[in-house]
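There are 4 protein chains.
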Amino acid sequence: MAFDRKLKYGMVGGGPGAFIGGVHRMVAALDQKIELVAGAFSSSPEKSRQQGAELLLDPKRVYGTFQEMAEKEAGLPDGERIDFVSIVTPNHMHFAPAKAFLEAGFHVVCDKPMTTTVEEAEELCRLVGKHQAVFALTHNYTGYPLVKQARDFLRDGRLGRIRKVVVEYPQGWLSTPLDAEGMKQAEWRTDPARAGVSSCMGDLGSHAENLARYITGLEIEELCADMTTFVPGRRLEDDANVLIHYKGGARGILYASQISPGEENNLRIRVYGEAGALEWHQENPNYLHVRYLDRPSEVYTRGSGYLGEAAKAFTRIPTGHPEGYLEAFANIYRAAGNTMVARITGGKPAALDLDFPTVQDGAVGVSFIHKTVESGRKGGWVKAAYTPPA
Amino acid sequence: MAFDRKLKYGMVGGGPGAFIGGVHRMVAALDQKIELVAGAFSSSPEKSRQQGAELLLDPKRVYGTFQEMAEKEAGLPDGERIDFVSIVTPNHMHFAPAKAFLEAGFHVVCDKPMTTTVEEAEELCRLVGKHQAVFALTHNYTGYPLVKQARDFLRDGRLGRIRKVVVEYPQGWLSTPLDAEGMKQAEWRTDPARAGVSSCMGDLGSHAENLARYITGLEIEELCADMTTFVPGRRLEDDANVLIHYKGGARGILYASQISPGEENNLRIRVYGEAGALEWHQENPNYLHVRYLDRPSEVYTRGSGYLGEAAKAFTRIPTGHPEGYLEAFANIYRAAGNTMVARITGGKPAALDLDFPTVQDGAVGVSFIHKTVESGRKGGWVKAAYTPPA
Amino acid sequence: MAFDRKLKYGMVGGGPGAFIGGVHRMVAALDQKIELVAGAFSSSPEKSRQQGAELLLDPKRVYGTFQEMAEKEAGLPDGERIDFVSIVTPNHMHFAPAKAFLEAGFHVVCDKPMTTTVEEAEELCRLVGKHQAVFALTHNYTGYPLVKQARDFLRDGRLGRIRKVVVEYPQGWLSTPLDAEGMKQAEWRTDPARAGVSSCMGDLGSHAENLARYITGLEIEELCADMTTFVPGRRLEDDANVLIHYKGGARGILYASQISPGEENNLRIRVYGEAGALEWHQENPNYLHVRYLDRPSEVYTRGSGYLGEAAKAFTRIPTGHPEGYLEAFANIYRAAGNTMVARITGGKPAALDLDFPTVQDGAVGVSFIHKTVESGRKGGWVKAAYTPPA
Amino acid sequence: MAFDRKLKYGMVGGGPGAFIGGVHRMVAALDQKIELVAGAFSSSPEKSRQQGAELLLDPKRVYGTFQEMAEKEAGLPDGERIDFVSIVTPNHMHFAPAKAFLEAGFHVVCDKPMTTTVEEAEELCRLVGKHQAVFALTHNYTGYPLVKQARDFLRDGRLGRIRKVVVEYPQGWLSTPLDAEGMKQAEWRTDPARAGVSSCMGDLGSHAENLARYITGLEIEELCADMTTFVPGRRLEDDANVLIHYKGGARGILYASQISPGEENNLRIRVYGEAGALEWHQENPNYLHVRYLDRPSEVYTRGSGYLGEAAKAFTRIPTGHPEGYLEAFANIYRAAGNTMVARITGGKPAALDLDFPTVQDGAVGVSFIHKTVESGRKGGWVKAAYTPPA
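Chains as they are written, first to last, in this note's numbering: chain W, 1 to 390; chain G, 1 to 390; chain X, 1 to 390; chain P, 1 to 390.
Just so you know, nobody snuck in bad clues.
One copy or two, it doesn't matter: identical chains are merged, so the pair holds either way.
List of simulated lysine-lysine pairs, DSS-like, C-alpha gap at most 30 angstroms:
no.	residue 1	residue 2
1	Lys99	Lys184
2	Lys312	Lys184
3	Lys6	Lys312
4	Lys6	Lys130
5	Lys60	Lys72
6	Lys47	Lys348
7	Lys8	Lys33
8	Lys8	Lys348
9	Lys33	Lys130
10	Lys6	Lys99
11	Lys47	Lys312
12	Lys6	Lys47
13	Lys47	Lys8
14	Lys99	Lys8
15	Lys33	Lys184
I should point out that these hints are in silico values taken from the structure, not numbers from a laboratory.
All chains, please: the whole structure from these sequences, using the hints.
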C-alpha cells in the first residue's frame with residue numbers, strides 16, 4: 001500500500017456496550033495503516049461523546065447522528081476528512097447510513113447481514129456502482145488464510161468436481177431467554193424490528209452461506225429449510241437446518257443454531273469432490289485438512305512455505321504461532337483498504353487486494369436469508385437462484 | 001453367564017471373500033463362551049465346505065443350504081445341536097433363513113438392515129413373539145460402552161429436554177464405480193435385488209437412525225429426505241440427507257454418504273438438550289464429550305470408575321487401553337448370549353443382558369429406510385411415525 | 001497358518017482377580033486358532049480349580065502348580081497335550097515357569113518384564129536357544145499395525161537419519177497409596193520381592209524402551225536417569241525420567257510415570273529424522289502422523305490400501321472401524337502362533353510371522369531397567385550398551 | 001487505563017527484514033492506546049530512515065543510532081517525547097540500549113533472552129531499581145489468558161502439591177544449515193557473537209523455563225542438561241534436553257529443539273499435582289485441559305464466563321472466536337503500558353496490570369541458560385538455584 005498517509009475512517013455505531021464495534025477498531029488498527037478519526041457511535045449523542053472521549057478522538061469529530069457525520073465530514077478538506085466509514089450498528093441500521101455515506105462520496109465497510117430486505121440490498125448495489133465506491137462487507141471468516149487456500153484447492157481441480165458441501169455454524173449462547181432478560185446483544189438479534197426476518201439464519205447462517213460460496217463458487221438453485229424457535233417467547237427462529245441443491249448437481253447441508261449448548265462459534269465446512277475432500281474449522285483455523293480417495297490425508301498449516309499466494313499474502317506471523325479471529329477480520333480491512341488507496345491514488349488494485357466480500361455478496365446473503373424463511377414457512381423446497389444487480 | 005457349557009452356533013453366509021462373517025466369528029469368540037460348530041457359508045456348497053474346512057469345523061456340520069442346516073441341526077440331540085444361528089448374508093437373504101431358524105426353534109442373531117421390506121420385518125416380529133425366541137440385530141454401534149453412557153446421561157436428565165440431534169455417517173469408498181468393476185462388497189450393496197430399495201440409507205443411514213434412537217429414545221414423526229445418486233450407472237442412491245421432526249418437538253439432521261472421499265466410518269452423533277449437550281464419535285470411541293451452558297466441558301473416558309453401570313458392564317480392559325469396533329460388536333453377542341442362556345436354563349435375564357437391538361428395532365429401521373426413499377421420490381416432507389408389532 | 005487343528009495352550013497365572021491373564025485369554029481366542037486347554041492359574045490350588053471351572057476347562061487339566069502342569073502335560077499324547085504355555089504371573093514368577101516349560105519341551109509366551117535379574121534373562125536366552133523353542137514376550141504395543149508402519153518408514157529412509165527420539169508412558173493410577181490399601185494390582189507392582197528393582201520403569205518404561213527400539217532400531221549407549229518415589233511409604237520408584245545417548249549420535253528422552261493424574265496409558269512416541277518425523281499415540285492408535293521439512297504433514301490410517309505389507313498383515317477390519325489394545329496384543333499371539341505351527345509342522349515361518357518380541361528383546365529390556373536404576377542411584381550418566389546372548 | 005493521551009514509544013531494531021520488530025508494532029497498536037513515534041531501526045542509518053518512512057514516521061524522529069535516540073528524545077518536551085522504548089534487536093544488542101534508555105529516564109520493553117551474560121542481566125536489575133523504571137521482558141507466552149488460568153488453578157490448590165512438570169518447545173526450521181546459507185534469522189541465532197552461549201536454549205528453552213516458572217511458581221535447584229549440535233558446522237547447540245530438580249521435591253523435564261522436522265512452535269506444558277493435572281498447548285491456546293484422579297477431565301475455553309479474573313481481563317473477544325499469538329503478546333504491552341500510565345500519572349497500578357515478565361524474570365532466564373550450558377559441558381547434574389538482585 002504505497003500511500004503517504006494513513007487511511008482515515010469514521011465509525012457509525014460501536015458505542016458503550018457494543019461488541020462488534022470494538023472488534024472493527026482493533027482490526028483496523030492492527031496493521032497501523034488505518035486511523036479512526038471520527039464517529040457517530042450511538043443514537044444517543046451523550047453516549048457518542050462518551051465513546052469518542054474514551055477513544056481519545058477530537059471532540060469536534062464526534063457526532064450526534066450519522067447524517068451529521070456524513071455531511072460535516074464531506075465538508076472537510078482533503079487529507080483531513082475521513083476516507084471511509086465503518087457501519088457496525090444492528091442490521092436494520094445498516095442501510096440508511098450506507099446510503100448516506102455512499103451518496104456523500106465515501107467508501108464503506110459494513111457489517112453483515114447487509115440489510116434487512118432484498119430491496120435495500122439491491123439499492124446499495126446500484127449506489128455502489130453509481131458512485132464507484134469501495135464497499136466491503138465484513139463476512140470476516142473468508143479472511144482466514146486457509147479459507148483462501150481451500151478456495152484455491154477447489155479451483156485448481158485437485159479434488160475433482162464438487163459433489164457435496166456440509167457447512168454448519170452452531171452456537172449455544174441463546175439456549176435460555178437472555179433476550180427476555182435484558183441482555184443487549186441478545187435483544188436486538190431476536191427482535192424482528194432490528195434483526196429483520198431472521199435471527200439464527202441472519203446472524204450465523206449467512207456466514208455459513210458466504211463461506212461455502214466463497215470456497216466452492218457454487219450457486220444455490222433450490223433449498224428446503226426447517227426453521228424452529230425453541231425458546232418460549234422468542235419471536236425469531238433460533239435453529240435452522242437447510243438442505244440445498246446447487247446448480248450443476250452438487251448437494252448441500254447448511255445449518256445454524258443458537259440453542260446448541262457448549263457450541264461456541266463452531267463454524268465448520270467440509271467439501272467433498274470426486275477425487276478428494278477438505279475440511280476447515282473456525283475454532284482451530286490454522287489447519288486445513290485435505291483428504292483423498294487413496295492417499296494419506298494431509299494437514300496444511302498456516303504460514304507454511306508450501307501454501308499458495310493468497311494464503312501467504314494474508315498471513316502476519318510464522319507457522320505454529322496461531323493467528324485467530326482478529327487477524328482474519330483484519331484481512332478484510334487490509335484488502336479493502338488497499339483497494340481504497342488504489343482508488344484514491346488513481347492506481348489499479350492488485351488482484352489480491354480485491355479479495356474481500358462485496359456489496360453483491362451482501363445481496364446474495366440477504367436473498368438467501370429470505371429464501372430460507374420462505375421455505376420454512378411453506379414447509380418444503382423453494383427455488384432460490386438469485387443474481388444481484390451488477 | 002452361569003452355564004455349564006459354551007453356547008453353540010451356526011452361521012448362514014460368511015463364506016470366502018465375505019467381510020462381515022469374519023467379524024461375527026471374531027466377536028463371538030472373544031469372550032470364549034460361544035463356539036461355532038456349524039455353517040451354511042455360501043450358496044455354493046463347494047465354497048461352504050471350503051470355508052468350513054478353513055474354520056476346522058466337523059465336515060458333517062457344514063451344510064449346502066441354510067434349509068438343510070435348520071432341519072438337520074434341529075434333529076441333533078440337546079447339547080450337541082446349535083443354540084442359535086448368525087445370519088450374515090446380504091440384505092435380501094436375511095428374511096428366509098431368519099424365518100426358517102425361528103420356526104425350527106432356534107434363537108437368531110441377524111445382520112442389518114433386517115429385511116428388504118416392511119412386511120417381512122413385521123412377519124419376523126410376529127415369529128419372534130410366537131416362538132419366544134431371542135432375536136438380536138447387530139446394530140453394533142450401540143455396543144460401545146460410551147454410547148450406553150450417553151443414553152444414560154440423556155435419561156438421567158442432566159442435559160435437559162432434547163432439542164436437536166445431529167447424526168452423520170459419511171463414507172467415501174463408493175466414490176468411484178467399484179460396483180461396476182466387480183468388487184463384491186460394492187456390487188451387492190448397490191444392487192436393488194440384493195440390497196433392497198436403498199444402498200446408502202440401508203447400509204449406513206439405518207445405523208445412524210438406530211444410534212440416535214438408542215441414545216435419545218426419540219421417535220420420528222416426519223422427515224424430508226434428499227437422496228442422490230452421484231456415480232453414473234449406479235442404481236441406488238449413494239448420498240442421503242434427511243431433516244427430521246421428532247415427536248415432542250425436537251429437530252434432527254441425519255445424513256449418510258458413500259461418496260465423501262477421505263471419510264472412513266465417520267459415524268458421529270451430537271445431541272443438544274436444554275441444559276447441555278453430548279458428542280460421540282465412532283472413530284475415536286473411547287471418549288464421550290459432554291458440554292454445558294455455563295461450565296467447562298467434560299471428557300468421559302471408557303473404563304473410568306466414574307462411569308455408570310452399563311458402560312462398565314460392557315467394558316473388557318482398563319481405561320487408556322483403547323477398545324474398538326470388535327469389542328463393541330462383541331457386546332451385542334455378550335448381551336444376547338446371556339439372554340439366551342437365561343432362556344435355555346429357565347432363568348430371567350438381567351436387565352443389562354437385555355441391552356441389545358431387537359427384532360422391533362429392526363422393523364423400525366426398515367420402515368425408516370422406506371420412508372426416506374418415499375420422501376426423496378416425492379421431494380418433500382412425509383409422515384414417518386411407525387410402531388412395529390410387539 | 002496351515003494346520004489341521006487349533007494350537008493348544010495352558011496358562012500359568014491368571015486366576016481370580018488377575019488382570020492380564022484375562023487379556024491373554026481374549027486375544028488368544030480372537031482368531032479362533034488357539035485354544036486354552038490347561039492351567040495352573042494360582043498358587044492356591046483351590047483358586048486354580050475355581051478359575052478352571054469358570055473357564056469350562058476339563059478339571060483334569062487344571063493343576064495346582066506350574067511344575068505339575070509342565071510334567072503332566074509333557075506326558076500327554078501328541079495332539080492332546082498343550083503346544084505352548086502362557087506365563088502371566090507377576091514379574092518374579094516369570095523365570096521359574098519359563099525355565100520349567102522350556103526344559104519340558106514347550107514353546108512359551110511370557111509377560112514382561114521378562115525376569116527380575118539380568119542373569120535370569122540371559123539363562124532364558126540360552127535355554128530358548130538350546131531347546132529351539134519359540135519364545136514370545138508380550139511387549140504388546142509393537143503389535144499395533146501403525147507401529148509396524150512407523151518402523152518401515154524409518155527403515156525405508158524417507159525421514160532421513162534419526163536424530164531424536166521422545167518416548168513417554170505416563171499413568172496416574174498410583175498417585176495415591178493404593179498399594180498400602182490392599183489393591184492387588186498395585187501391591188505386587190510396588191513390592192521389590194515381586195516386581196524386582198523397579199516399579200515404574202519395569203512396568204511402563206520397559207514398554208517405552210521396547211517400542212522405541214522396535215521402531216527405530218537404535219541401541220542405547222549411555223543413559224542418565226532420574227528416579228523418584230513420590231508416594232510416601234512406597235518402596236520402588238513411581239516416576240522415572242531418562243536422557244539417552246544412542247549409538248551413532250541420536251539423542252533420546254524416555255519417561256514413565258505412575259503419579260501423573262489424568263494420564264491413563266498415554267504411551268506416545270515421536271521420532272525425528274533429518275528429513276522428517278513421525279508420531280504415534282497408543283490411546284488413538286489407528287493414526288500415524290508423518291511430518292516433513294517442507295511439505296504438508298500426513299495422517300496414515302490403519303486399514304488403508306496405501307499402507308505397507310506388515311501394517312496390512314496385522315489388521316483385521318477395514319479402515320475407520322477402530323482396532324485397539326486387544327487386537328494389537330492378539331498380533332503377538334498371531335505371529336508367535338504361526339511361527340509355532342511352522343516349527344511343529346516342520347515348515348519355515350514367513351518373515352512376517354517372526355514379527356514378535358523375542359527372548360533377546362526381553363533381556364535387553366531387563367538390562368535397561370537395571371541400568372536406569374543404577375544411573376538413578378549414582379546420579380548421572382552410565383554406560384548402558386548391552387548385547388544379549390544369541 | 002485512564003490517561004488523556006496515547007502512550008508514545010520508540011523502537012530500537014525492527015528494520016527491513018527483521019521479524020520480531022513487526023510483531024511488537026502490531027501488538028502495540030492493537031488496543032489503540034500506544035503509538036509508535038520514533039525509532040533507531042537499524043545499525044545502518046539508511047535502513048533506519050527507510051523503515052521510518054515506511055512506517056509514516058516524522059523523519060526527525062528516525063535516528064541513526066539508539067544513543068542518539070535516547071539523548072534527543074530525552075530533550076523533547078513532556079507529552080511529545082517517547083514514554084518508553086521497545087528493544088527488538090538480536091540478543092547481544094539488548095543490554096546497551098536498555099542501559100542507555102534506563103539511564104535517560106525511559107521505561108523499557110525488551111525482547112528475550114534479556115542479555116547474553118548474567119552480569120549484564122544483574123546490572124539491568126540494579127538500573128531498573130535505581131531509576132524506578134517499568135521494565136517488561138516479552139516472554140509473550142505468559143500473556144495467553146489460559147496460561148494465567150493455569151497459574152491460578154495451581155495457586156488455588158485444586159490440583160494439590162506439584163510433583164512433576166513436563167515442558168517442551170520443539171521446532172524444526174533449523175534442521176538444515178540455513179544459517180550457512182545466508183538466512184538472516186538463522187544466522188544471528190546460531191552465532192555466539194550475537195546469540196550468546198546458546199542458540200536453542202536461549203531462543204526456545206528460556207521461553208519454556210519462563211512459562212513453567214510462571215505457571216507453577218517452582219524454582220530450580222539442580223539440573224542435568226544434554227546439549228547437542230546436530231547440523232554440521234553450526235557453532236551452538238540446536239537441541240537441548242534437561243532433567244530438573246525443583247526446590248521442594250518436584251521433578252521436571254524441559255526440552256527444546258530446532259531440529260525436529262514438522263514441529264512449528266509446539267510449546268506445550270503439563271503439570272501434575274497430587275490431585276490433578278493440567279495441560280496447555282501454545283499451538284491451540286484457547287483450551288486448557290484439567291484432569292483429575294477420579295473425575296472426568298475438563299476443558300476450559302478462553303472467553304468463558306466461568307474463568308477467573310486474570311483470564312478474563314486479558315481477553316478481547318468472546319469464546320469460540322480464537323485468539324492467538326498476537327493477542328497474547330499484546331497482553332504484555334497492555335499490562336506494562338497500564339503500569340507505565342500509573343507511574344506517569346502518579347497512580348498505583350492495579351494488581352492485574354503488574355502481570356508481565358520483569359527484569360528479574362529476565363535475569364533468572366539468563367542464569368538458567370548458562371546453567372544448562374555448564375551442565376551440558378560437564379555432562380551431569382549442576383546446582384542451579386539462582387536469586388536475582390531485587
